Amino acid sequence: MNYIFYWLIVLSIVIGAINGKLPDVVNSILTGAEKSVQIAFSLIGIMAFWLGIMKIAEQSGLVEFIAKLISPITKRLFNEIPPEDPAIGNIAMNFSANALGLTNAATPIGIRAMQDLQKHNIDRKTASNSMCMLLAMNTAGFQLIPATVIAVLVGIGYKNPTEIIAPTLLVTSFTFIIAIIIAKIFQRFSPPQIQEHGGEE
Amino acid sequence: MSFQAVLNIISLWALPFIIVLILTVGMVKEVPIYEVFTEGAKDGFKVAINIIPYLVAIIVAISMLRASGAIEMIANSMAGILARFNIPADVLPVIFVRPLSGSAALGLFSDIATNAGATAYSTKLAAVMVGSSETTFYVLAVYFGSIGIRKFRYALWVGLLADIIAAIMSIVVCSWMF
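Chains G and S, in that order, give the protein sequences. According to this note's numbering, numbering within the first sequence proceeds without interruption in unit steps and concludes at 201. According to this note's numbering, numbering within the second sequence proceeds without interruption in unit steps and concludes at 178.
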């Protein structure tokens with residue numbers, strides 16, 4: 001991440017200078033920083049709502065029930081985590097919310113899952129294998145119905161917007177499975193996590 | 001009932017159904033739902049504040065990259081090669097912008113759809129590309145930022161590889177289906 005951060009910024013400035021867009025690049029620092037804070041603040045309300053709802057789901061045993069239900073699959077994907085841990089239930093809920101295109105719910109639930117995974121992490125500042133797996137599932141962006149894209153198509157008067165659902169689903173399912181396999185391969189061949197900062201608490 | 005009507009019903013009812021289900025199970029199991037809700041919701045502010053430094057780092061870097069014109073440069077330099085694989089030039093920037101910014105990718109897609117028209121191959125390909133992938137950098141910043149993870153290990157590479165595969169698959173599937 002250090003190299004990526006360095007090169008993104010240095011290359012932007014160099015290329016911006018070549019293209020004569022240096023003023024734009026400098027301006028984008030301000031707008032980008034402002035946008036980040038806007039995004040974070042706009043998340044507060046919906047984040048609080050879903051974290052509250054998910055706490056109820058956890059205390060009522062619903063999350064645990066879902067965890068049990070899907071444990072045959074998650075046992076293999078998240079082998080560091082006990083199969084009936086709330087993390088597993090939250091991961092399943094995160095996946096379902098993503099699949100249904102409920103991004104507003106999926107992100108807070110995913111963060112709840114990350115907090116649960118952090119309890120099993122040996123080093124609280126580096127990502128555990130389970131976290132990388134959850135991120136792989138999320139960055140692959142599996143969803144059953146690409147609602148925003150369809151909305152744009154409807155907006156421009158596309159007569160049959162649902163015809164893109166089948167190809168999108170095909171691509172996204174394939175990518176989702178491949179992402180999980182890639183994460184598993186990395187897990188096997190990347191250097192193991194070293195304990196530098198101690199676990200949670 | 002048409003397929004589209006079914007989809008509309010699902011997207012309308014999914015959220016209300018989940019909320020009612022969770023609250024009802026909570027009541028049945030005699031969870032003090034109001035107290036527990038407020039207890040859980042307390043974290044909302046903390047989590048949102050925690051992710052600010054991570055979001056600033058990633059969003060500023062990506063805004064700078066987009067403002068510099070680098071993405072157009074890469075797209076232009078690759079246009080010759082990619083034209084051979086039947087990829088329209090207007091869709092190219094979408095491939096590079098998709099992992100960086102969700103709103104920018106959606107904006108590009110809207111432009112393509114408006115300019116090329118609803119029935120154009122470009123529109124369909126861009127639709128599948130935007131719909132089948134996620135904004136990798138944003139997801140990493142938010143998820144890892146919320147719990148203070150600094151070292152992502154291989155998570156970024158998995159995300160980016162998945163984006164490349166999604167782009168290639170979109171091209172393969174679209175040239176086969178449309």
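Just so you know, these hints were derived from the structure itself, not from any lab. Because the structure is a prediction, the values reported are computed rather than measured. For each residue, glycine too, the CB sits at the ideal point set by N, CA and C. Watch out, some of these pointers could steer you wrong.
Below, simulated DMTMM-like cross-link-like pairs (lysine to aspartate or glutamate); rule was C-alpha separation at most 20 Å, straight line [to be verified]: (1) LYS46/S to GLU34/G; (2) LYS29/S to GLU64/G; (3) LYS125/G to GLU196/G; (4) LYS29/S to GLU84/G; (5) LYS159/G to ASP111/S; (6) LYS184/G to GLU196/G; (7) LYS151/S to GLU64/G; (8) LYS21/G to GLU39/S.
Residues from chain S that face chain G, not an exhaustive set, calculated with beta carbons under 7 Å [claimed, not checked]: (9) SER11; (10) PHE37; (11) VAL56; (12) LEU65; (13) ALA67; (14) ARG84; (15) SER103; (16) ALA104; (17) SER122; (18) ALA127; (19) ILE149; (20) PHE152; (21) ALA162; (22) ALA166; (23) VAL173.
To see whether the hints hold, each was checked on the structure:
no., hint, verdict
1, LYS46/S to GLU34/G, "19 Å, holds"
2, LYS29/S to GLU64/G, "13 Å, holds"
3, LYS125/G to GLU196/G, "8 Å, holds"
4, LYS29/S to GLU84/G, "19 Å, holds"
5, LYS159/G to ASP111/S, "18 Å, holds"
6, LYS184/G to GLU196/G, "23 Å, violated"
7, LYS151/S to GLU64/G, "29 Å, violated"
8, LYS21/G to GLU39/S, "49 Å, violated"
9, SER11, "6 Å, holds"
10, PHE37, "4 Å, holds"
11, VAL56, "4 Å, holds"
12, LEU65, "5 Å, holds"
13, ALA67, "4 Å, holds"
14, ARG84, "21 Å, violated"
15, SER103, "9 Å, violated"
16, ALA104, "11 Å, violated"
17, SER122, "13 Å, violated"
18, ALA127, "5 Å, holds"
19, ILE149, "5 Å, holds"
20, PHE152, "5 Å, holds"
21, ALA162, "4 Å, holds"
22, ALA166, "4 Å, holds"
23, VAL173, "5 Å, holds"
Going down the numbered hints, you'll see the structure goes against 6, 7, 8, 14, 15, 16 and 17, while the others check out.
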